[in-house]
Amino acid sequence: MTGKLMTMAEAIRQFVPDGTTVAIGTALEPLIPFAAGHEMIRQRRRDLELVGPISDALFDQLIGAGCVRCVTAAWVGNVSEGLGHCYRRACEQGMPRDIEVRDHTNFSIALALWAAAWKVPGLPTRTLLGSDILTTNPGLRHAGDLVEVDAVHPDVAIVHVQRADADGRAHAWGPLGITEEAGLAADAVIVGCEELVGSEVTLSDPNRILFPETKVVAVVHEPGGAHPSPVQGHFKRDHSFYRDYAQQSRSAAGFESWLNTWVLGVADRATYMTRIDASSLRITKHRPSAPADYGDE
Amino acid sequence: MTGKLMTMAEAIRQFVPDGTTVAIGTALEPLIPFAAGHEMIRQRRRDLELVGPISDALFDQLIGAGCVRCVTAAWVGNVSEGLGHCYRRACEQGMPRDIEVRDHTNFSIALALWAAAWKVPGLPTRTLLGSDILTTNPGLRHAGDLVEVDAVHPDVAIVHVQRADADGRAHAWGPLGITEEAGLAADAVIVGCEELVGSEVTLSDPNRILFPETKVVAVVHEPGGAHPSPVQGHFKRDHSFYRDYAQQSRSAAGFESWLNTWVLGVADRATYMTRIDASSLRITKHRPSAPADYGDE
Amino acid sequence: MTNSYTPQEMMVAVASREIRDGDLVFVGMRLPILAYAVARNAHAPTARGLFEVGLMRDQPAASFLGTMGDPPNVVEALWATRMSNVMALMAQGRVDLGFIGGAEVDRFGNLNTSYVGSPRRPTVKLPGSGGGADIAILSRRWVTLMSHERRRLVERVSFVTSPGHGDGTPGWRKRNGLLGGGPVAVITTLCVLRFPEQGGEAILASVHPGHSVDEVRAETGWDLKVADDVTETSEPTSSELAAIRQFDPDGFWTTASAVTKG
Amino acid sequence: MTNSYTPQEMMVAVASREIRDGDLVFVGMRLPILAYAVARNAHAPTARGLFEVGLMRDQPAASFLGTMGDPPNVVEALWATRMSNVMALMAQGRVDLGFIGGAEVDRFGNLNTSYVGSPRRPTVKLPGSGGGADIAILSRRWVTLMSHERRRLVERVSFVTSPGHGDGTPGWRKRNGLLGGGPVAVITTLCVLRFPEQGGEAILASVHPGHSVDEVRAETGWDLKVADDVTETSEPTSSELAAIRQFDPDGFWTTASAVTKG
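Chains A, B, C and D are the protein sequences, given in the same order. Note that my numbering gives residue 98 to position 105 of the first sequence, counting from 1, and the numbers run on in steps of one. Note that my numbering gives residue 185 to position 192 of the second sequence, counting from 1, and the numbers run on in steps of one. Note that my numbering gives residue 150 to position 77 of the third sequence, counting from 1, and the numbers run on in steps of one. Note that my numbering gives residue 305 to position 232 of the fourth sequence, counting from 1, and the numbers run on in steps of one.
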């Protein structure tokens, strides 16, 4: 299969129209596809439904930019700093618009994606019993001694990984959160990668390939595309960037200013990378994994 | 944690008493823990419940040796040769004893283990609709438009892997079948390995670690422990050994003779390995995977 | 063009023609592994193979496979994963074609691979479903391969391991909630049977060279319908045979001795 | 012994003492990461940490962590996996102790991290459960850490994100099918509250040095019960403080400025 390699702008234009249900930020704190989120903002995408476990600032930015109709997630905020101020303004004041919130727990959102992956209406669980989350999300219901978690079916999952080839075989490592189930549940997957490699690299280790390539519709070579989130082997987390975002986004005006500086006033991720101090974040000490021997004869 | 390293004889003695529910052969055709199975036979284990997807000859041997009370599996036979003759004798003639058969499909046995792993009574699926398997296994039931698959909870899962350390961090590669879910669903895991390595190898790649080490109760350094099944990077499949087994096990007397030659008359796997032509099966051409960089600073 | 080929080679050649370019094929044990290899290197260059052991490939393995889990099948694999992930793709309707081996098939394409006789005390205990029932229920369309014997092609199987078109009434699968389309063909050592698109009973579509409609009907356990346009099955081409022999150099699967397996 | 420490350092030290040797600890965001590090390097050398991002460790990360998913937390990890696998261990009752941060806690240990005011139009939209409700329901016992303010310690939370002892009646959790044992302690900037083993309401167990029972009661939104044997909380030891400062060298989590986070 060919023709999957494209820019982030092309990938978002082709595969994330208004109203799309998008799973993003599925590895929790690491590997968050900020570059993809920023491109959605630049393209003024509207009425998205965002699906994720915890979202470390990215959902807050998309909500603040008015891209979002509905959030299906366990936690939306800023992990090292606390509340999501745009999320607050949207929920508390309908600003810039009202959003629907479908609360989950981390476990239940994983199960909701497994349900979609296995094509069943839902899966049972023992979490959520006794929680008022059952009263606000109609997709979670008491069923006898258990809770039934309705399937959540993303149109597209967007991931950022350490390396991928042009056919969409993606290698990621470190904690993976709900990345695998999101890719299996989604109709299509957009892969952003730090390194674009040949298939001799990806196919040398098929156990590390995250998804079937048949799900992958776009491959974007986007170094730094997860900043300010960490990428094992490539980038440390930029804690101060999260702090500055938290401080500036406390007011709507501050958020607008932040958005102009870091998203709307930036052509693409390559330009963005020239504006951060990437060298101080770059991981330079290598820790290669022991090879697995796939020999067959 | 220490003290997990032991011989197969010790591991079976300590962790597989009569009546144990044992998940084994979970990677389907490769990595079948034959050495563990043979040790169960030598120790005259009785009333086992075997759990697996397809079983390539190992279940047949355990059944023929009279170790088994119940089989919970999707397929029991000899993949390259056909029927399981001991399985036939047990089911058709109660020889050497009657066994209970709880039929599954490959998908449903995986789901039954996920149910146990997630501590729910069962999981729904769209497979099995229209199959008479629903009429013979009470753990599979119509429920509306779906089938409910009851949890299957092994006492112990036994796996053979390419490498592990003494604390039970196991690396396996190649297709994994239902190995991961079996380990998570089981109360305890016994790991046999081709190579016993230091933790600097296993912890260099935590994504390749199959199970939480807290589940692993025994680590057995057992080179060749999967023969005649294949082990990526170590051994090819010994097709003729499967053929010979199929031919000899056609009669009960032939099976007894096979058992004496290959199991009862053999002290342990090290001795067994001296009796096969291991060199013709050994994989000698290496295909190392590309390393993943786990660098953090 | 050679005229010499075994019944198994004929079956593999016919099976390979069921694979369309671009198909995601759920490849079962034994002959289907060869059928995928033949198709991929001929008319279906972008067909992918999915193996329940937990593999996806876009090309045949470089050496002989005794099972789908043999080491050569992992080299250059596109994905090595858990079986349940492979099943997820099939449940989602992403598997275009599946292959299932059968011990017994009936008029409506239902397969028995579990019990001949009573399940409590069977005359023959067969190995079971494996992934067969999953393929039968969830793949978009599927094909079965078997030796053509009167005891194997029966009016109704006594035990439905892998449901075909059920009782043969139109829409049986949909009414019973089965997601996939069901069997489209039975490829035997003598002929090819096909099913109408909406289900129903098997119809004799083509007879392999050297065999006759009468012979096929005599070896079939029900009053077999014959298509108006019944034809002779096209022989394996020399390139098909070359491919088969490349992937099964010793005739492990495709010589007379292979018939005795089981 | 130093007498100078911040309220956050006090909380971390107290929290670390809740970890027993051999425990599998479900480590939450922020202060619990430090508590695990302190305990592991002191009285609980074989305690393991489980992180919902998908990690298990048997030692603290070598460098500072802003989040559990930071690269140093992956180096020397015992397992890097999916979140649902980590949750599976907790559902199986294999997690001995969990930590949950709370915005609001009530008399019976129920936590609200979702909505202050109406869910339809909240006064304050809090981030949500994350894994909090999962820990609250499934871990064997759990502890929450929070800033002691009258608006945060309330008679009944308006929204139960993470259930504690419910309505406080004995056996509430068991009756409602909750697998784990529920909260055992609330560790605040002023004191430690504990719950009876069978559930029920929080009881003031110890007051941090420099604070009084009266102050604690005044800052608590219900008529707080005081244990007969209420004591002064033991100060952080010098080795506890040394460990805290090793893992939070710049006071990211444990200085006054950290209090303003959120």
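Hints were generated in silico from the structure; no laboratory data involved. The reader is advised that the hints may include incorrect statements.
[To be verified] If you anchor each label on the Cβ, the simulated ranges turn out as follows:
hint, chain 1, residue 1, chain 2, residue 2, range
1, D, R93, B, A260, 53 to 59 Å
2, A, A136, B, D40, 32 to 38 Å
3, C, D94, B, H135, 35 to 41 Å
4, C, S191, B, A136, 22 to 28 Å
5, C, R318, B, H279, 27 to 33 Å
6, B, T277, A, E3, 55 to 61 Å
7, B, R6, D, P118, 28 to 34 Å
8, B, D261, C, S77, 31 to 37 Å
9, A, E290, B, R6, 48 to 54 Å
10, C, H116, B, I269, 37 to 43 Å
11, B, D261, A, E290, 46 to 52 Å
12, D, E305, A, G12, 55 to 61 Å
13, B, G191, C, H116, 50 to 56 Å
Beta carbons are placed, not taken as given, at the ideal position from N, Cα and C, and that holds for glycine.
**Q.** E290 of chain A paired with R6 of chain B, Cβ distance criterion 48 to 54 Å
**A.** Violated: the Cβ-Cβ distance is about 37 Å, outside 48 to 54 Å.
Range hint compliance [Cβ, D94 of chain C to H135 of chain B, 35 to 41 Å] | 38 Å, holds
For the pair G191 of chain B and H116 of chain C, does the Cβ-Cβ distance stay inside 50 to 56 Å?
Given range 50 to 56 Å: holds, Cβ gap about 51 Å.
Worksheet item: Between R93 of chain D and A260 of chain B, does the beta-carbon spacing fit 53 to 59 Å?
Response: For A260 of chain B against R93 of chain D, whose Cβ atoms are near 43 Å apart, the range 53 to 59 Å is violated.
Review point. Within 27 to 33 Å or not, the Cβ separation of R318 of chain C and H279 of chain B?
Key: Since R318 of chain C and H279 of chain B have Cβ atoms about 29 Å apart, the given range 27 to 33 Å holds.
> In this structure, is the beta-carbon distance linking A136 of chain A and D40 of chain B contained in 32 to 38 Å?
Replying inline: 36 Å, holds
Could one say that the CB atoms of E305 of chain D and G12 of chain A fall in the range 55 to 61 Å? 59 Å, holds
Q. Honestly, do D261 of chain B and E290 of chain A meet the 46 to 52 Å range at C-beta?
A. Violated: the Cβ-Cβ distance is about 28 Å, outside 46 to 52 Å.
Open item on the list: Just to be sure I understand the hint, the distance between the Cβ atoms of D261 of chain B and S77 of chain C should be within 31 to 37 Å; is that true here?
Closed with: Since D261 of chain B and S77 of chain C have Cβ atoms about 50 Å apart, the given range 31 to 37 Å is violated.
May I ask you to test the hint 28 to 34 Å on the CB atoms belonging to R6 of chain B and P118 of chain D? For R6 of chain B and P118 of chain D the Cβ distance comes to about 30 Å; the hint holds.
T277 of chain B and E3 of chain A, beta-carbon distance inside 55 to 61 Å? Roughly 46 Å apart at Cβ, these two residues miss the hinted range, so it is violated.
Practice prompt. Starting from the hint 22 to 28 Å, judge whether the C-beta atoms of S191 of chain C and A136 of chain B obey it.
Written response: 27 Å, holds
This entry does not satisfy hints 1, 6, 8, 9, 11, going by the numbered hints stated previously.
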